[in-house]
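Colleague: If you're matching them up, the sequences are chains C and U in order. Under this note's numbering, think of the first position of the first sequence as 1, with each following residue one higher. Under this note's numbering, think of the first position of the second sequence as 1001, with each following residue one higher.
The reader is advised that the hints may include incorrect statements.
[Stated by the list, open to error] With a straight-line Cα cutoff of 27 Å, these simulated DSS-like cross-link-like pairs (lysine-lysine) come out:
hint, chain 1, residue 1, chain 2, residue 2
1, C, 34, U, 1082
2, U, 1125, U, 1209
3, C, 34, U, 1378
4, U, 1264, C, 52
[Claimed, not checked] According to the in silico footprint, chain U covers these stretches of chain C (three or more CB under 8 Å from chain U):
hint, stretch
5, 4–17
6, 53–60
7, 81–89
8, 104–115
9, 139–147
Think of the hints as simulated: they come from the structure by calculation, not from any bench. Cβ atoms here follow ideal geometry from the backbone N, Cα and C, with glycine treated the same way.
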Amino acid sequence: MPDATGLELIAQELRDAEGEDTVVETVFFRGRAKLAIEPAHIRAALAHLRGKGYAFLASVHGVDYYPHEPRLGVQYELLDMSRVDRITVTLRVPCDAPDVDSVTPDGADGAGWPTANHQEREVFDMFGVVFHGHPDLRRILMPEDYEGHPQRRDFPIGGEPVIFTYNETEMLGASE
Amino acid sequence: MSSTGQPTISEYRRREQSITLAPLDQQLDGEDGASTQELLTLNFGPHHPATHGVLRLLVTLQGEIVRDIKPIIGYVHTGIEKTAEDKAYWKVIPVIERMDYLSYYFNAMAYCGAVETLLEVEVPKRAQYLRVIHLELNRIMSHLVWLGTSALDLGAISMFWYCFREREKILDLFEMSSGARMHTRYFQVGGVIEDIPRGFAEKLSGFLKEMPSRVDQYRDMLNGNEIVLQRLRGTCPLDADTLLSLGVTGPLLRAAGNPWDLRKADPYCSYEDFRFKIPVGSAGDNYDRFACRVAEMYESVKIVEQALEGLPEGPHITEDRKVALPPRHELATSMEALIHHFKLVTEGMRVPPGEVYFPIESPRGELGCFVRSDGSSKPARVHMRDPSFVNLQATAPMTNGAYIADLIATLAMLDPILGGIDR
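Turn these sequences into a full structure, and let the hints steer you where they fit.
Modeller: Laid out in structure tokens, this is it:
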């Protein structure tokens, strides 16, 4: 892990390269470094960190910070395999405009991260974060016709009715 | 009943009745008579024994050659991550274990490691060694199931019985230490639930003496089998750079020549105390994937031997009463112990707010657990970075241009566990 000073250095480099508003916050917690950035700069920030050696995208998590705003968060776990060093990049978007640029495809601003394909689909499925530019943004774990995003904190747990043969007409609608 | 007197049927049943089984009026041969030129989309699974679970693949074929694969998953999605948000921290462990049902100790380890990091709890050395013993036994067990079922896919039926014989012995050991054969709930936040019982060490060393010769037999049986070799050698290779860009870790990456293993690279849980090698392949084909996993079983045996040999004395769980239950005998005499017991069992432990990602090396690659705490006694978010879920993305590039029989072999060597993929 970069130490607290190393994290500040990376943040400052990122500000110098991509603009003063890129980095929102740096968090150093339990020996782990985290960089909170503006959603608009996600591709540029990850590309910059790839240049610093963090070339492996280990994981993408979705988080719901309900009741805090902006509610939805996406976390990218980056790993530098040669120095065995990890850094987390995170961003927050509100529920009414959950728009983030997808990091999956290659673009004019650098190569993509093909590993994010399934993981961004999962975040879209579970939290409703829309990844613009994703090659195949569909639900992945829930059925295609499912409504709602079940991992949001205000989505009820266990409230879903189950279809059996005895109640299928009332649940699916009858037809002549 | 509807107004016409007919029984009402659901929309689904109506659509079901509309399906006709009459032969299709469709020419299979292309215009030039070359049926191999035509692309055929074939549905493969979800109920197919070679998919190792309920994996569905939409395969586009040109003759017998695979041109495209789209994995469709979610058939065993049970919302474990959602369930975890509604449970106290220690009650999450049993549900977490049911994600990747072949590596339950690893799921528990990743989760407990994340919570321990949030709590800043020191895990006693003896507990760490006991964890390593069970983790590595679990790795052997997981690889045995993989070896048995993969050989079954390649037509070597007897391997299945042999591998499950050894697996039974490992499950017996698990039963001895925890009372359960699968989903043992043995790992707890701060250590393990109980010390190993009397007789466990003897039984374990008996198993460790026998196991290498068993792996020798299995390796020789398959390595000396021309059919297996022809199915595996040189089929569906993928280079390390492509694998890394797809996020693939574990034996699949090591088979391609990259020796990345978190046990060595970033040791957790006292792995730095043990001497073991990391098997690495060269070509990255199905044979290397097979050989790497078989070689890993020998190394796991070595690690368990060393951990059993050097098992330190001491407590098996942290003595922090805010995290771990007090010992039974204290309850009768100590009011404080009784209060701690009551608070832990009813409310559970409160975890300081924060977010932590804790990665470990599971039998299939990097298994990371992300836990967010909001300061209450229930986690605000638990997310597993499951290696099968990420590794599955490599199926399409691996099998592009291969025969459909090689697709079966590649799926077997990929070792996806659908419980972990769908969670």
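Colleague: List in ascending order the numbers of the hints, as given earlier, that are violated by the structure.
Modeller: Violated hint: only 5; rest satisfied.
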